[in-house]
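There are 4 protein chains.
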Amino acid sequence: MLYFKNDYSEGAHPRVLEHLIETNMEKLDGYGEDKYCRLAKEKIREATCCPEAEVFFISGGTQTNQAVIATMLERHEGVISAVTGHVACHEAGAIEYTGHKVITIPHYMGKIKAEDVDKWVETFYADESHSHMVYPGMVYISHPTEYGTLYTKKELTEISEVCRKHKLPLFLDGARLGYALASGADLSLPDIASLCDVFYIGGTKCGALCGEAVVFTKNNAPKHFSTLVKQHGAMLAKGRVLGVQFDALFTDNLYVEISKNAIETAQMLKDAFREKGYEFFINSPTNQIFIILENGKMAKIKEKVCISYWEKYDENHTVVRFATSWATSCEDVQKLVELL
Amino acid sequence: MLYFKNDYSEGAHPRVLEHLIETNMEKLDGYGEDKYCRLAKEKIREATCCPEAEVFFISGGTQTNQAVIATMLERHEGVISAVTGHVACHEAGAIEYTGHKVITIPHYMGKIKAEDVDKWVETFYADESHSHMVYPGMVYISHPTEYGTLYTKKELTEISEVCRKHKLPLFLDGARLGYALASGADLSLPDIASLCDVFYIGGTKCGALCGEAVVFTKNNAPKHFSTLVKQHGAMLAKGRVLGVQFDALFTDNLYVEISKNAIETAQMLKDAFREKGYEFFINSPTNQIFIILENGKMAKIKEKVCISYWEKYDENHTVVRFATSWATSCEDVQKLVELL
Amino acid sequence: MLYFKNDYSEGAHPRVLEHLIETNMEKLDGYGEDKYCRLAKEKIREATCCPEAEVFFISGGTQTNQAVIATMLERHEGVISAVTGHVACHEAGAIEYTGHKVITIPHYMGKIKAEDVDKWVETFYADESHSHMVYPGMVYISHPTEYGTLYTKKELTEISEVCRKHKLPLFLDGARLGYALASGADLSLPDIASLCDVFYIGGTKCGALCGEAVVFTKNNAPKHFSTLVKQHGAMLAKGRVLGVQFDALFTDNLYVEISKNAIETAQMLKDAFREKGYEFFINSPTNQIFIILENGKMAKIKEKVCISYWEKYDENHTVVRFATSWATSCEDVQKLVELL
Amino acid sequence: MLYFKNDYSEGAHPRVLEHLIETNMEKLDGYGEDKYCRLAKEKIREATCCPEAEVFFISGGTQTNQAVIATMLERHEGVISAVTGHVACHEAGAIEYTGHKVITIPHYMGKIKAEDVDKWVETFYADESHSHMVYPGMVYISHPTEYGTLYTKKELTEISEVCRKHKLPLFLDGARLGYALASGADLSLPDIASLCDVFYIGGTKCGALCGEAVVFTKNNAPKHFSTLVKQHGAMLAKGRVLGVQFDALFTDNLYVEISKNAIETAQMLKDAFREKGYEFFINSPTNQIFIILENGKMAKIKEKVCISYWEKYDENHTVVRFATSWATSCEDVQKLVELL
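Protein chains in written order, with the numbering used here: chain S, 1 to 340; chain Y, 1001 to 1340; chain R, 2001 to 2340; chain H, 3001 to 3340.
These are computed hints drawn from the structure, not numbers from a lab. The beta carbon of each residue, even a glycine, is placed where N, CA and C say it ideally should be. Keep in mind that a hint or two might mislead.
As the list claims (entries may be wrong) - Heads up, simulated EDC-like pairs for lysine to aspartate or glutamate below, C-alpha to C-alpha not over 16 Å straight-line:
hint: 1; chain 1: S; residue 1: K5; chain 2: H; residue 2: D3332
hint: 2; chain 1: H; residue 1: K3312; chain 2: R; residue 2: D2127
hint: 3; chain 1: S; residue 1: K27; chain 2: H; residue 2: E3033
hint: 4; chain 1: S; residue 1: K5; chain 2: S; residue 2: E257
hint: 5; chain 1: R; residue 1: K2312; chain 2: R; residue 2: E2294
To be verified - Chain R residues, not near chain Y, derived (Cβ > 10 Å throughout):
hint: 6; residue: K2005
hint: 7; residue: K2218
hint: 8; residue: V2241
Can you make the complete structure from the sequences, with help from the hints?
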């Protein structure tokens, strides 16, 4: 059985695992107070060219989104997101669970537009009864988006400017950030640190066993953030587990280097799909490929390949996702191509 | 200054007030355990032809929506509402505050369609990753809607059937229910009790100082509902205040009788608007009238009449609302007509 | 049947009711934006000698405690209360419902001691793992307490000083504040305003149909407090109902004047209990009298008098409460005394 | 520097780590749907002699306590815990964050007594106003307790019986369960499964990098528990990380075998403390040793040994904790003994 179902189907990248092994018996303080957490934070500050960044490690993506959003919002505020944003639809209501509304705006292949944010906020304050409504409190985007698309530097700059105009923190969910950085797009890690108020660098989908690194870029971490993370149940006693992994990922640019494989294998796959006349649902530049399959064809492929259901297209067609990762082998891609 | 801003600008209907006065010095138990609460509940059971109905009184509409929705939903569920539903946009996030998502579907002049609910739920369960999403847990509608429109008996029956098919309780927000019942529409109070699982009879906007009567129609009040209402901070020590008022409102059909005035005065007003060539934003059969005004004209009217801003129509026009109520006098309507 | 069960068994004081009647048909804005709310706020600012006070009206006591505490605390904080405090035990978990812990310290006849607060806070910060614990965020007291006892000016000053030392807002629950002010104790309304950061003046138990007046004394109302009150479901559309009542209560010192009757009738009753050899559970200077009754005696009294169960004393005795109010008649007291 | 600060200072036990390594590149489904999770669950069902047990893996202890308690309680209920229980004091309010009160009862060296639970519940229901209070909804204990003490089979049976009498689920927090099982105490894993409604087997402190195994023993897992775990942000995409580790821990009784080292080294240490005349704060049979140190002595020891502050004893003395674990070497114990 071939496996193109997602980008979290293996364990850790060998060098990450190796670092866990070599540090395993060191006696270290708990709760992220160990030296590997410190080292990893330092390396992230360097990689983001953001010396004042406050960095925290949290075990997973939904946990991170929940902890960041729930602690940065004021109680009367909600978070603005694309209607397709992960926080809007695929986190089982984790944001609402913390008492906050996800305010949805249109998406364009998973991305939002600065002008839509601007218009939404202007309309909100123009409404004479806005004090009876949920105030906009921050803007959430993902990069790559849930559709694998990427913001350009120009687009992110525009969104960032609108956010500053309205004093809304901008939060970038980088669950798959490695694949954005490895894609050759024009938005660098320092750009992101400079344009966003907070973002997270996804480990789970880019080489780690688990773990995400939250970066507050403007000396703006919520007061007592660690206590709040604990209150969310999100603090690991062995914080080292995350620190060690990010220490490895941010040594010798490993994070981006290993992500390149996902982009390359995805490119091979996209070329094959194109060549064989498959219909793309959208044109994604990263490691997720969305194809419209006739249902019979889909059933056939599924006999030999694990893939993800994405959504119903019409009565006879379904959108499915093929995902590559740092771990996808050219061999597997070849085998898949032969099956198509 | 004329006043057509809303339908809660006066105190209580004289007969409601009178009942408060005549019972004022009686010594009664607190927390809704008094005889007037019992009497009012009995009268509501009769008026709804629902002898097994469980009735509770709560001080206001948002409080009621919050208490009902938060206690009827399971933790993994959200409430389906029109995108224009009161719970979706004008309650400052009161539902999300309790940890639940408001799932929005399209509206048609404030109303939802049974088929949209059905389709949403079918699509939800067809999604292979729906266990990572917020489950549909109940359906919220308002009658009259936020646009003053009304469901027909046929429409409500269809919605009710879809709800039963999917085991979703149907909740009808009747903040202005009196005006629906007085409008001559084909949906009676017993119909509503029969088709809905829970609904509330609005007092605040239909003759009371404050207070709404929640009616659970299927022996389905959440266990320990009173304790939960207390936990929400929503239980009045002097529960009598609400019981006495609803006792008056449900004596001699007062609730519907006094509501007729709102419908009649609204009709007079609509005739005048029509005659004078004003443009209606929507055609509402109840006590709220939505007119598109040229901004200069609006400014001029506002010098002499209190009205509500509704929404921006275009650069030069605004939608405004004129509301009548049980208390609107023909005299005031005449004066307003003269100004138009 | 005589009725000494509680101090909320009648409706409103006649002059309060009268003011509701005389203003009933005035057309006023909703949500507390009307002139009676403004007048009442102004009168409260005068009565408290606190010209900068921000005043809000909320329908009931638990609602008020919940709204104030949940919006003044930071997310990592809890509220310190006597173990017998209303928020700690008789609000069905309304504070925890908002996500905050009630931190309990010992009580002395319902009161807390400044030194206990000080010691608790010092111990907290001395604990090296306090970042894994709930931080102290404010101090809650009631005056009169749940046992009818009163703080002296000296005691409240000490508590206030400890609170300021530790930067903890001091919140005084004045559900029965009228009875404290009418008792001849040395703590005046301006004292309270000066020593507390926020307190509320109870209407429900002291002459109103419903309603409490929250007073933020230091320009310290939480930002967007009205929106948060709405989010809690606690905002009445007809805010006038509360404004009109407090306007009456703070005209000609009505609030304190009518409360004196409760103190006087309670004194008559206490004299009679003492004379007849009843055992007091505690010695309360206000309108609540706690008596230890032999169970057979209790059963006998309950045949003719409505009273409140307080707590089990031992196998054969029970603590019960007799409450007087602004509405208690000397005649009823005489009848009760004859029965004892 | 010697390290006796806690029992989570190393990474994973070598055999656990090895299993992570050998399975690292296998392609597996996410969210706990992989074969190692299935295997681990099966082995836990066997080890607990509870074939119908529903097992879930969650990343950490506070997360687990929060997820279990928040989903098993009804909304009007709180959880009963010793005043020293982890959920009562060392989780930054994680339980209250979910809207539930922690109801505290006395502790005896960290343990609760069945009779205290019984009495609390009886008193609660005897109180005529209990519907205004937080209902008891479940009982939380830890084994070993926060003081390292253990329940006997007789004690746990009594608590279990009281819980069943009052229909309260019994939840046992086994963060350090391995050390209880390895201590030679009379309470076996099948006993625990039989007497408790839910418990968790702690991985983090007993050989894993992270992870706890929740066991619902009576076919009583909350409906949609996985979705609720996701909603809490507590679901790892790579669920395998936990499954693989518990698969190793429950192979060849590894979990208990490796825990024995903690008991043996703790015994060596306790013998030395006793011999050298140190004063024990309590007599703990497991891997945590609580010693009362004169402050000067403490300072001296801390120069060479990492230990935990526990609490202030008096002006001149402090209670400190020395912890051993599966990883503590006899060599380190010897070095420490020499320093004493």
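Discussion item. Checking a non-interface call: every C-beta of chain Y should be farther than 10 Å from the C-beta of R:K2218. Is that right?
Written reply: At roughly 24 Å from the nearest Cβ of chain Y, R:K2218 sits farther out than 10 Å, so the non-interface label holds.
Item to complete: Starting from R:K2312, check that the Cα of R:E2294 is at most 16 Å away, please.
Response: 11 Å, holds
Worksheet item: If you draw a straight line from the CA of H:K3312 to the CA of R:D2127, is it 16 Å or shorter?
Response: Status holds; Cα separation ~8 Å.
Practice prompt. Against chain Y, does R:V2241 hold up as non-interface, every C-beta pair farther apart than 10 Å?
Written response: 5 Å, violated
Item to complete: Measure nothing beyond the straight line between the CA atoms of S:K5 and H:D3332; if it is 16 Å or shorter, mark the hint as holding.
Response: With Cα atoms ~48 Å apart, S:K5 and H:D3332 exceed 16 Å; violated.
Discussion item. Tell me if the straight-line CA distance from S:K27 to H:E3033 falls inside 16 Å.
Written reply: 33 Å, violated
Worksheet entry | Beyond 10 Å from every chain Y Cβ - status for R:K2005 | Violated, since 7 Å does not exceed 10 Å.
Worksheet item: Between S:K5 and S:E257, does the CA-CA distance stay at or below 16 Å?
Response: 22 Å, violated
Hints 1, 3, 4, 6 and 8, counting from the list given before, are not met by this structure.
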